[in-house]
Amino acid sequence: MTAARMHRNQKLTPVIKGRSIAQIGWDGATALLHFDDGSVMRIHTPAPPPKNAPPAPLGKVLAVRQSTEAIAFDLESGSSLQIPLAEATSSVMLRDSKGALEYAD
Amino acid sequence: MGSQHTHRFSCMTEGRFRSTAARRATAGLGIAGALLAFLACDRSVSVQQAQSQAASSAVADTAQNVVPSDSALRFPFVPDPAKTPGDTLEVTAADICVPGYSKKVRNVPIAVKRQVYASYGIRTHKPGEYEVDHLISLELGGSNSIRNLWPESFRTSPWNAHVKDALENELHRRVCDGTLDLAKAQRIIAQNWVMGYRMYVNPNPPPTVTTHTRARTSRHSRPRSQPQAPAPVP
Chain A
999 MTAARMHRNQ
1009 KLTPVIKGRS
1019 IAQIGWDGAT
1029 ALLHFDDGSV
1039 MRIHTPAPPP
1049 KNAPPAPLGK
1059 VLAVRQSTEA
1069 IAFDLESGSS
1079 LQIPLAEATS
1089 SVMLRDSKGA
1099 LEYAD
Chain B
2 MGSQHTHRFS
12 CMTEGRFRST
22 AARRATAGLG
32 IAGALLAFLA
42 CDRSVSVQQA
52 QSQAASSAVA
62 DTAQNVVPSD
72 SALRFPFVPD
82 PAKTPGDTLE
92 VTAADICVPG
102 YSKKVRNVPI
112 AVKRQVYASY
122 GIRTHKPGEY
132 EVDHLISLEL
142 GGSNSIRNLW
152 PESFRTSPWN
162 AHVKDALENE
172 LHRRVCDGTL
182 DLAKAQRIIA
192 QNWVMGYRMY
202 VNPNPPPTVT
212 THTRARTSRH
222 SRPRSQPQAP
232 APVP
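Chains A and B, in that order, are what the protein sequence lines are.
With the working numbering as the guide, the letters of the first sequence map in order to residues 999 to 1103.
With the working numbering as the guide, the letters of the second sequence map in order to residues 2 to 235.
Calculated from the structure, these hints are not laboratory results.
Here a beta-carbon is modelled for each residue, glycine too, at the ideal position from N, C-alpha and C.
It is possible that some hints are incorrect.
[Stated by the list, open to error] Rough simulated footprint, nothing fancy, chain A against chain B, three-plus residues with beta-carbon under 8 Å:
hint: 1; stretch: 98-110
hint: 2; stretch: 143-154
hint: 3; stretch: 188-197
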C-alpha cells in the first residue's frame, strides 16, 4: 500500500465527493462502507481486518485515490482511510440506497 | 469479484494453445488434432443446445483456423482459457440493461493492460493490431479482472474483434428483452464466442475483411449485410 503510487480515481471521486462515511462493516474479507445517504460500497480485500485493528476514520469524502493494491478515501478532516484491494480491478462496487448500481471497477 | 458470481471455464478453447509443445503437437496432427482438442472440451448446457448444423460447421470452420500458421498464433482470435477464463461482476440483468451501465464501470488501468499483454507474451505491438478486450463484455456484466481480459486481435479474419462486437450486442439485446438469461449469455460468450456468433448472429462466418490497420470505430456497430440467425431452440 504505497501512497506515492496512488492516482486520483477520476470516475469514482465525483460520484462520492461530499458523502460521509458513516459506518464501516465487514462481511468476511469484504469491507462495507455505509454512507450517510444510504449508499453502500463493497470492497473486496485480501483478508479480514485483524481484531486489534485501530478504528477506521470516518467523515466526509473529498477525493478517492487508488493504486493496484489499495484504495484511499481522503477525508475532510485531513485523514485518509486506506483499504487494501483483493486485486487491481473488479474489487469495488457502489450501490445507492435503492440498490441501483452507481460505480464498479 | 465475489466467488458466488464468478464463473470459471476450464475448456481448452480452439485457437489458443497452452504451450509451444502443444502447438507443435497440434501442428503435426493438423485439423484432426484440433478437432480432438475441441471435442475434449467439457462443455455444459449452452453448448449442448448447439447440437445443430451451425455448431457443426463452427467446429469445422474453427478447426481450419487453428492450423497453427504463424499469424494464427500471433493473432489469436479466442483467448487462452487458462489465462482468461472469464469473470463477472455482481450484477443482474436489471443493472446491465440500464442505459449507460457500462459508463459506470471504471476503465481498465494501463498497468493492468500491460499485465494482460505480458501474460500473453506480447512484448510489442503496433496500433490497430490488438485491443485489450473483455472476454465477457462489460455490457454482459463482465468484470475488469485480468481473468476476463485478453489481447483481442483486429487482424484475424473472419473472426476478430469487430465480429465479436456483433455477438456482444446481440446477446445484450436478448438479455434485455428477456429472451436470454444473463448467466447463460455469459457462458456462451466465455466458452466459445465464435460458436456463439454462429448460433445467435449468423450461422455463416462473416465475410473476410482485411482490418490490418483499422481500429474499431464503434463498439456498437453490427455487420449490416448479415441476416440475423433465428433464435435457437431453448
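Here's how the hints hold up against the structure:
no.	hint	result
1	98-110	holds (count 8)
2	143-154	holds (count 5)
3	188-197	violated (count 0)
Hint violations for this structure: number 3 only, all remaining hints satisfied.
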